[in-house]
Amino acid sequence: MLAVEHVSKAFAGVQALDDVNVEIGVNEVVGLVGENGAGKSTLMRILAGVYSPDHGSLKLDGAPVFLRSPRDANLNGIGIVFQEQSLLQNLTVGENIYLGQEAEFTRLGLINRRRLNAAARRQLDKVEVDIDPRTRTSELSFAARQMVELAKALALEERTERHLVILLDEPTSVLEQRDIDILFARVRALKQRASFVFVSHRLDEILSLSDRIYVMKDGRVVGRMQAGSTTVPQLHQMMVGRDRHAEYYRESRQHAPREEIVMEARGLSVAGAYREVDFVLHRGEVLGIAGVVGSGREELTRTLFGFVSQTEGTLVIDGHEVRLNVPSQAADRGIGYIPRERRTEGLVLSLPLAVNVTLSRLPTSRITGTISLSRELRLAKSWVDKLRIRTPSVEALCLNLSGGNQQKVVLAKWMNARAHILIFDHPTRGLDVGAKEEVYELIRDLSEEGVGIVLTADTLEETIGLCHSILVMRDGQVTARFDASPGRKPSQVDLIRHMV
Amino acid sequence: MEPQIGPPSADRGTPPQISSPERRDRNSRRPLSRLKPYAPFFALVALSLLIGAMNARFFEFNNLIRIANSAAIPLVLALGMTFVIVLGSIDLSVEGVLAIGAVLISLLVRNNSNTNDFGWFGVVLAILACGAIGCANGAIHVGLRIPSFMVTLGMWFIGVGVATLLLGGSTVRVVDKGIRSLALERFLDFPIAVWIALGTLGITWIIERQTRIGRYIYAIGGGEDLAALSGIPVRRVKIIVFTIAGTLFGLGGLLSAAQLGLGNALIGSGRLFSTVTAVVVGGTALTGGEGGVINTLVGVMIMAVLGNGMVLLGISPDLQLGVQGVLIILAVALSLDRARLKIVK
Amino acid sequence: MATKSFRAGGGRVRAAIPIVLLVGLVILIGALQPSFLTADTLLVVMADTATLFILAAGITFVVMLGGIDLSIQAVASLSSVIVAVSLSRIGYWTFPETLLVGFVTGAFSGVVHVSLRIPSFIVTLATSGLVAAAALLLSQERSITIGESGRAYLSWITGRPFGMPSVIIIGALVAGAGIWLQSYTPFGRYSTAIGAGEAATWASGVKVNRQKVIAYSLSAGLASLAGILLTGRLSSGSPTLANELLLPAIAAVVVGGTSITGGAGGIGRTVIGALIISVVRVGMTFVGVDIFAQQIVFGTVLILAVAITIDRTKILIVK
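Top to bottom, those sequences are chains A, B and C. Note that the numbering used here gives residue 178 to position 178 of the first sequence, counting from 1, and the numbers run on in steps of one. Here the numbering used here = 1-based position in the second sequence + 1000. Here the numbering used here = 1-based position in the third sequence + 2000.
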């Protein structure tokens, strides 16, 4: 009924979707699985009218459709329950369900609240929740808000002739089991009125709810099957593809860590994000943290640089127990952070390269405390040479550098600040293959120089290839630890089994 | 808008059903947070009782009339400001627009400086002109994508300048009886101006509660990007809101001219500060999406009662500015949801 | 300016526009009114510019961060009252005392702004209320004329060493110190970086809050200095003395080419901006524009200059 045909989409040169074909039948639940970055979210956003495809098309009942906006998608019967919820917290439930649709309830310029709320109540009845439409949305639990979003999507029934398709983008990632059961029961009951596309990291859920399953990897569909004819291990295997060997990981380039401990976590917890994390980081060690979105690994990474501070447990740096409340405290302790959001958190884009390189540690005169501009230029030049940063000059604005060179500037900044612990948060995101390879090489060099590294990588291959040891997290807890030193690399399936 | 990342398998105790949908993560402090919206109202009651206890004349009927009278103009101005602040924007042009309104009215009705006598027609014209200035504020703000505080800061001084130019720096007296009667005549013991302010309150209340514009103002204040995704005409709504604000500032100009019986360029001096304070003290958050005209009524009453009380208790009126300064900081500090703001400029 | 030695090509053109504008204006007015181009007239114009410039220089520190200070006119007025009240009692000690009050006021704004996370325009609006109340109380709502005995202490302001009005010298000193602060000290560098990209600067380990408090202190401190100079030139203090100066001061900053969103510009540009504002004012007087109507021009210029210099990529949702 709804078909995605040969759809491709690229962002800044990175192929997010590559010739994807997906079909959604009437009254069918289609499951979509894949690792982080496999292209599921991009596909969902194309279906929802948020992005438009570079190539290929969407077809509804055989006729091509162009979705220019989420509203367009709605008018064609496509409703979305986004992972980051789209309800306005300061409006009531009823107001949210009919936001932008008040015209139906307006006479002489005045909205008839009673009729609007009665209509909203009808929608809520469809999902069998007992919520007063006059409740303020912020008063609801996350699970209840999700049901409201579902009801909002179902309200489309009355506005379109089309058969409904409802997109569920990881609806279960923050729900408790009990709420998940309720949600699934509703979805099964609603199959008569609508088709569903369901994205989740939890394969058992996908298997239990879906009729058919698509497996995605690196922007392609690598498998399509009936839910009854597959198993969790088979899905794992398809999600990671073929296993890699020692040469692929360049194990010979990896150096053994030293004895000295630079960072240690004992029972580290952040309420609502992760619990009871223990690890030890040695000089020259690369410690990987693996886990899907929502596993708590992003928050853990950010705790180590003071963006959030732990609610429980201790963090020990160079033998001192510390509590990092702001990044400057982390920087003072010799920690550096290479952020995922390179363009907002990594660099001040509108300032020159040299200024960025010295931002964490200015070359100031010991006597007057003033900046020596000539020394600054020399420093910047030496880092440009050392890291082979390709730039017309050290005075070029970071804005004009390529992604890979920007990332090197971020690194130069922390190396200039003499950081001896580096937190890499998705360091290769958005880089092309060559630039990625250069970043890997720099991480190996830093490890050799004795810098302790915590790495949250984009792919499992990166994690396995670069790290000496790996921590796997799921649902806020550490579920496994792997030794990943050369010769003893775990396979991707080993990791993913503990992730999902 | 951040999803609450609840501990996925934590608190296995008695997780409530979806059918009891209150949010759990706020359980511990719910009683307090439930009361928070009413805090300004309680503050008003407590303040009244306190002043009444210290000086019994506070509760005399004549004093209540006096308070209502002193609150009329601030209420009209603050109502205009309310929608702007609910959007998450600000309008600093109050004093300028008010001055233009008052001066235009003084020059168009019977006065001691020219031979005009357009009466109420002139009043309507002047207020429409103020609406047009508000409209210009909104159009420049959304059209050139300049922060509203900058646009309206410029417009503030343009307004004062135009008003000065119209009068050549002098003052003009309003002779028109009809206009003066707004402040001098009474209906059911209260000056007409008070009834006009209450009428304005009613109309803005209907706009807020019963119209699409009202709904959209809150949607934009609560999340502009989400509102746009829902197909709300964000730019048009913003321009309309600034137009409403300008119109009400013009109405404030009419009441000011009626009260003082004159128009001059500095007639609005000090109004911006008291207007913003009243709106914010009433519980409307500067971040947008919260509060409303009833909050503003409470905020204006707090300011009026405070001012009246200070006079009754013999406290120097000079202190009022200082008290407003403290109040505004307190109110903003209490109302801000700091978790939502990462970078504050 | 903080990144003086590495300004980008595009920025150089942008920085040149205000200078070209200033020169053009001077020539234009000189053509209409040849007496304008005499040394005496130009000195008078510059002396008139000095106080405006010092106010604007203070705001420049704050605007570089992406904030705004709406309390400077109140601080300057309060300072004038303090000087007028205490000059006859404590003599020269008045000046450090007044400056201290200014700095403390600014530090107060800054601390409230960063610790309670209240937008700067609201905090400084509130501060201006507090300061105005203090000025009204202290002066008992009067304008205070400084007597003969007090005027002796003001000669350093009114004097003309080597034929040069001393306010010009003071203004030049402030300009020099400001440019030095912004170009050669960590504070200046961090301010630029915060304005250009606060998140990245914060994540680089810079103590952002500290820089902000310093900037607001400097802003109010310089406002205080401007208040002192005004008092000296007028020989009187009043609680509303500087009220008309807020808008021209902000306009001077923006017209000079400092972006209201922060991160680009500096005190050097504010010198040009302040001179432009002064010359425009003189020019308008020559052409016969009503002194009061000049506010219209400044308001319009402000909006236009902001529209031209603002960096729209930095604000996704304009409130």
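Worth flagging that the hints you see were computed from the coordinates, not collected in a lab. All C-beta atoms, glycine included, are put in the ideal place defined by N, C-alpha and C. Heads up, a few of these hints could be off.
Said to hold, decoys possible - Calculated pairs, EDC-like style, for lysine to aspartate or glutamate (alpha carbon to alpha carbon, straight line, at most 20 angstroms):
| no. | chain 1 | residue 1 | chain 2 | residue 2 |
| --- | --- | --- | --- | --- |
| 1 | C | Lys2319 | B | Asp1225 |
| 2 | A | Lys436 | A | Glu448 |
| 3 | B | Lys1036 | A | Glu139 |
Said to hold, decoys possible - With beta-carbon atoms standing in for the labels, derived distance ranges:
| no. | chain 1 | residue 1 | chain 2 | residue 2 | range |
| --- | --- | --- | --- | --- | --- |
| 4 | B | Asn1055 | C | Glu2148 | 54 to 62 angstroms |
| 5 | B | Lys1177 | A | Arg113 | 37 to 45 angstroms |
| 6 | A | Glu449 | C | Val2023 | 51 to 59 angstroms |
| 7 | C | Pro2186 | A | Glu449 | 37 to 45 angstroms |
| 8 | B | Leu1198 | C | Val2023 | 52 to 60 angstroms |
| 9 | B | Arg1236 | A | Gln177 | 55 to 63 angstroms |
| 10 | C | Gly2288 | B | Ala1139 | 40 to 48 angstroms |
| 11 | C | Pro2186 | B | Asn1055 | 49 to 57 angstroms |
| 12 | C | Val2044 | A | Ser365 | 53 to 61 angstroms |
| 13 | B | Gly1270 | A | Lys381 | 42 to 50 angstroms |
Which numbered conditions among the earlier hints are violated in the structure presented, ordered from lowest to highest?
Going through the list in order, the structure violates hints 4, 7, 9, 10, 12 and 13 and respects the others.
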